[in-house]
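Chain by chain, the residues run as shown.
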Amino acid sequence: MRPRWIKVFHDLWDNKARTLLVVFSIAVGVFSIGVIAGAYQIISNDMSISYAANQPANVELRTVGFNQDVLGSIQNTHGVLDAEARRVFNMRVRVAGTEKWTTLDMVAFEDFEANTVNLLTALQGDVIPKKREVVLERDALNHVDVQVGNVLEFQLQDGSTKTMPVVGVVQDTAMGAGDFLASPYAYVSMSSLQYLRQPELFNRAYVTVETGGDDIRHIRVIGADLKDKLEKNGTRVIRTRFSETYEHPLASTVNAILGILMALGILIVFLSSSLIANTLSALLNQHLRHIGVIKLVGGRKRQIFEMYLVLIMSFAALALLITVPLGGQGAYGLALFISSELNFNVLGYRIVPMALLIQVAVGLMVPLIAGLSPVISGSRITVLRALSGDLTGDESQPQGQQQTRVSWLDRMLIRLTRILASRGIHFPRPFIISLRNTFRRRGRLILTLFTLTMGGAIFIAVFNVRATLHAYIGSIGKYFVADVTLDFDQPYRLREIEQMVMQVNGVVGMEGWQFVSGELLDVNGEVLENINIFGPPADSVLIEPLLVKGRWIHADDVRKLALSEAAYGYFPNIEPGDQVTLKIDGREEDWEVIGIFKFVDREGVLAYAPYEYISQMNNLANRSYSFRLITENHERSYQNAKAEELDKFFRERGFKVRVAQAGRATLDTAVESLDTLVVFLLIMAILTAVVGAMGLTGTMGMNVLERTREIGITRAIGADDRAVMSMVISEGLVIGAISFVLAIILSIPFTYLLSTIVSLAVFETPIDVIYTFMGYVIWFGLVLVLSVVASILPARNAARLTIREVLAYE
Amino acid sequence: MDNTLIELKNVSKTYSTAAGDFTALKNINLKVNAGEFVGIIGKSGAGKSTLLNMINGVDQLTNGEVIVRDGGENISVHEMSEDGRALWRGRKMGVVYQSFQLLPMLTLIENITLPLDLSDNFKPRESKARAMQLLQLVELEEHANKLPAFISGGQQQRVAIARALANDPSILVADEPTGSLDSITADHILDVFEHLVSDQGKTIIMVTHDTSLAVRFTRNLRITDGELEHEGDSDESKKVDKTMRRRRK
Ligand SMILES: Nc1ncnc2c1ncn2[C@@H]1O[C@H](COP(=O)(O)OP(=O)(O)OP(=O)(O)O)[C@@H](O)[C@H]1O
Ligand SMILES: [Mg+2]
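Sequences listed follow chains A and B, in order. Heads up, the first sequence is in our numbering, so the first residue is 1 and it goes up one at a time. Heads up, the second sequence is in our numbering, so the first residue is 1001 and it goes up one at a time.
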């Protein structure tokens, strides 16, 4: 091998710590970009393919019972490709012989073999349940500890139980998509309905459209036609849902979240490139003498440029060697995790060429760009200056400036220490020295501070974002203040239920709510979106709306409603006092908007109108299907116990209880899924912190190396190991502390930015930012620990240097 | 017969520093003939290194011209670009400095082949043979595969000389090559130089502050405060005679 390449090889191999530092700096950035880009590619491709592969319904109609004839008329409707009907009802189940009840959504099929819409995918066992057999959706296995072959107990309305064996497991990617709060599903045949004391009638229709499966407006039109048709037949439609064939209902949310992660990934690349720039410029500085010698014996600019370019590209190649396989795995892992959370399938492990390309490009470009300026100036330096070892030789202008600045700083420090000393505050000598050292290499200090500060600011911001999201969920929770929700399959008089619940220990209050659904129409009478109107009593204590505009409902409101912010999506300029046209029970009506409130709409637009009016509309005055209860204690466990108790209480007395649920149940699920997101953000934050810490380690290492002679002299005049070590470590701590102060400031815009992006992605509305001490406290501790850890290795090296070695150092 | 190999015409060097301008070389005129072993002697700060750095093109001059004869051509050193000078130096002029200037991560033999590589004259087998031959010349062949840190300072300086000779240049310039060596080791280095001049016909310019070495040169030049005073000038025959006398073994 040519001697110059031997030198490059040694530069790579001999200083393993430095090589590792550079390689890892590159790798961290490349890895995070690779994982996110890969996952993004896999998900955006597979999410819609796997969703579309199972023939998802474009229109879902939830109705009161209907029969085969009605299904026939749906199938014959113009524009309908195919339709299937099912009966969906919920039941409480438990593994025979155990205590814990779980609510499942039971889905009854007429004919499993004729399944053409919302296809089920067989996973395990027999996936066509015969009479008195049940098949579970795979997600149910996470909630019920059961295996194929086990027997489940199903609780009937009257509290008695029936048993059915689990014969198989399927995956249903279509039915629960878009609703990660839904109960897990179980499938039975219509022939089992009698056994479960359910009427043998359908209550849902799943419809695919002939054409225009990717045109949501067209789908809505067909849906509205179907609804009209059914209601003319006397089949009341409670709710409709529309979705496009090739668009997973959660695709935009997932993409937005991946977008945020990508932004953080790009930031990490930036930070790691500043780290690389730092290390490479220090490396070139250390190599000035070598460059001088090479030029002295005939080396030209281009040769030196090539040598260092090859060195940098070797760092890049090593980094890619680690990250390409790891990034591919990571991307697939992330995609797999997200897909299992959202119940779709990824199409198997594969290398995403685009992600691979991005990794290689980032892995090569970042070190190249970061190293270009030091390498160019290194290769251009004159022999004389290179030989003199540092840049102090001659006309180096910036050096002169830096020196005056340092001496200015020195003077300040000396004055400060004098002032403090006169007041009896003495700083240990090493500390003063470190402080001075810290400011000596300004460019490097700035880069190190930048990385560490960014890491810290993001870290703190993630905690703030978490607090913000929780606070928002908390305020959303004000729409669900009830401790127990009690739903029945038939309406009961408020009086009657009130008398009953008051007999139950711990129940202190009750409200009856009603509900009506319709469609929001545009000026031309076309369907814009579903609208669900809740009817709580106007003086309800169980709801504290977050009003954006206007007022809340009054008892004497007639055809007036408060709309959720989602309405802005359809009427950007809507104001209280405006009229909106609704279609309810086939009739078009104009309602007045009285207020607009904040809420997370997942399905359709939500609205509130007083119970007083809704109950008249529904012809159910003083009665209700749904009751909200207040208990003495608002803990989740207490709510669970009371829900259980109330369920039993009413069933035993012959009431047709549909479900009794703890009030916080829905909310807790929402918090859980948000926390998954926060975990991802935190992982990215930790990655940035790691980059910051690596930056500090590198800086400390370089500082120590460059000060070898000085440290030797300090030792020669009597400093012991501990003094040398504490000098280096206090320098690290000073940098850490400065970065903490800067991070506090920077975390404010970061929190704002990140919260806004996340809330827009998840809630489709910006939310108020909340700051929490937690992130600041944790980061303060962490940055101190990181600073010490980052300085220990260089400090040990410094302490190990003997005077002889120091003097031999050239 | 004009036997001039190197000619300095009115060479001046002024350093501009924060404290003002400082003229380190004043109007130097000098001719060096092929086959001479020229000693430039002067006190510390007299301008010796500066002068040498004008000849080998390591530093820029302020005024004047340095011409080096190469074959039939006259090359004006300072009219070349920095890269051009580097390539020319690598091929035509060996340079040795006081500090040993070996690359610490390369073995002795690799250090010696480095100039061959950089001047695009590297052929693996031949270059290695050439390096071994040079190591033999400086009597270090048994250390060929050691790193510089594992040999003594004097040995390192001999390797630096071997490296300077790698491309077989006709001129060698040396700045205090014996400066950090004891007198016995220094003697050995000078022996090598004398051998190169008398047996291989090299031309050597060497800088030293050590007046006791004057006797080893074929010509002595004294430099004081940037000005050259010719000393010990003698006619050609006497010089050759002196060289013959000095040769030992
Ligand atoms: N880069 C520079 N900038 C300013 N002045 C310089 C520079 N280099 C050398 N000098 C000055 O030029 C003068 C000659 O320096 P030079 O290095 O040539 O001396 P020298 O004879 O080699 O001394 P020594 O025996 O100590 O090596 C000295 O006074 C020195 O201070
Ligand atoms: Mg000198």
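Note that these hints are calculated values from the structure, not bench results. Computed from a predicted model, the values in this text were never measured in an experiment. Check the hints yourself; a few may be wrong.
Below, simulated DSS-like cross-link-like pairs (lysine-lysine); rule was C-alpha separation at most 30 Å, straight line [unchecked claim]:
1. Lys1043(B) - Lys301(A)
2. Lys232(A) - Lys656(A)
3. Lys656(A) - Lys100(A)
4. Lys232(A) - Lys560(A)
5. Lys131(A) - Lys162(A)
6. Lys598(A) - Lys478(A)
7. Lys1128(B) - Lys1146(B)
8. Lys1031(B) - Lys229(A)
9. Lys1043(B) - Lys16(A)
10. Lys1146(B) - Lys16(A)
11. Lys1092(B) - Lys100(A)
12. Lys656(A) - Lys131(A)
13. Lys1123(B) - Lys301(A)
14. Lys1031(B) - Lys1128(B)
15. Lys1123(B) - Lys1092(B)
16. Lys1123(B) - Lys1043(B)
17. Lys478(A) - Lys162(A)
18. Lys301(A) - Lys1146(B)
19. Lys549(A) - Lys560(A)
20. Lys1043(B) - Lys1031(B)
21. Lys1123(B) - Lys1146(B)
Consistency of the hints with the structure:
1. The straight-line distance between the Cα atoms of Lys1043(B) and Lys301(A) is roughly 35 Å, outside the 30 Å bound, and the hint therefore fails.
2. Restraint check for Lys232(A) and Lys656(A): satisfied, since their Cα atoms lie roughly 28 Å apart, inside the 30 Å limit.
3. A C-alpha spacing of about 21 Å is found between Lys656(A) and Lys100(A), which places the hinted pair at or below 30 Å, so the restraint holds.
4. Of the supplied pair hints, the one linking Lys232(A) and Lys560(A) holds, its CA atoms being roughly 26 Å apart against a limit of 30 Å.
5. Proximity of Lys131(A) to Lys162(A) is assessed by CA-CA distance (about 13 Å); at most 30 Å being required, the pair is judged to hold.
6. For the hint linking Lys598(A) to Lys478(A), the alpha-carbon distance of about 11 Å falls within 30 Å, and the restraint holds.
7. For the hint linking Lys1128(B) to Lys1146(B), the alpha-carbon distance of about 15 Å falls within 30 Å, and the restraint holds.
8. Among the hinted pairs, Lys1031(B) with Lys229(A) is inconsistent with the structure: their alpha-carbon atoms are about 114 Å apart, more than 30 Å.
9. Of the pairs offered as hints, the one joining Lys1043(B) and Lys16(A) is violated, with about 45 Å between alpha carbons and a cut-off of 30 Å exceeded.
10. Straight-line distance between C-alpha atoms of Lys1146(B) and Lys16(A) comes to about 21 Å, which keeps the hinted pair within the 30 Å bound.
11. For a cut-off of 30 Å, the pair hint linking Lys1092(B) to Lys100(A) is broken: about 93 Å separates their Cα positions.
12. Distance check on the hinted pair: Lys656(A) and Lys131(A) sit about 24 Å apart at the alpha-carbon level, within 30 Å; holds.
13. Proximity of Lys1123(B) to Lys301(A) is assessed by CA-CA distance (about 22 Å); at most 30 Å being required, the pair is judged to hold.
14. Restraint check: the Cα-Cα separation between Lys1031(B) and Lys1128(B) comes to about 36 Å, which exceeds 30 Å; the hinted pair is violated.
15. Between Lys1123(B) and Lys1092(B) the CA atoms are separated by roughly 18 Å; this keeps the pair inside 30 Å, and the hint holds.
16. Between Lys1123(B) and Lys1043(B) the CA atoms are separated by roughly 43 Å; this puts the pair beyond 30 Å, and the hint is violated.
17. Restraint check for Lys478(A) and Lys162(A): not satisfied, since their Cα atoms lie roughly 38 Å apart, outside the 30 Å limit.
18. Proximity of Lys301(A) to Lys1146(B) is assessed by CA-CA distance (about 29 Å); at most 30 Å being required, the pair is judged to hold.
19. A threshold of 30 Å between alpha carbons decides the hint, and for Lys549(A) with Lys560(A) the separation of about 15 Å falls inside it, so the pair holds.
20. Restraint check for Lys1043(B) and Lys1031(B): the C-alpha separation of about 22 Å stays at or below 30 Å, so the hint holds.
21. In summary, the hint linking Lys1123(B) to Lys1146(B) is supported, as the alpha carbons are separated by about 21 Å, within the 30 Å threshold.
Checked against the numbered hints listed earlier, the structure breaks hints 1, 8, 9, 11, 14, 16 and 17; every other hint is satisfied.
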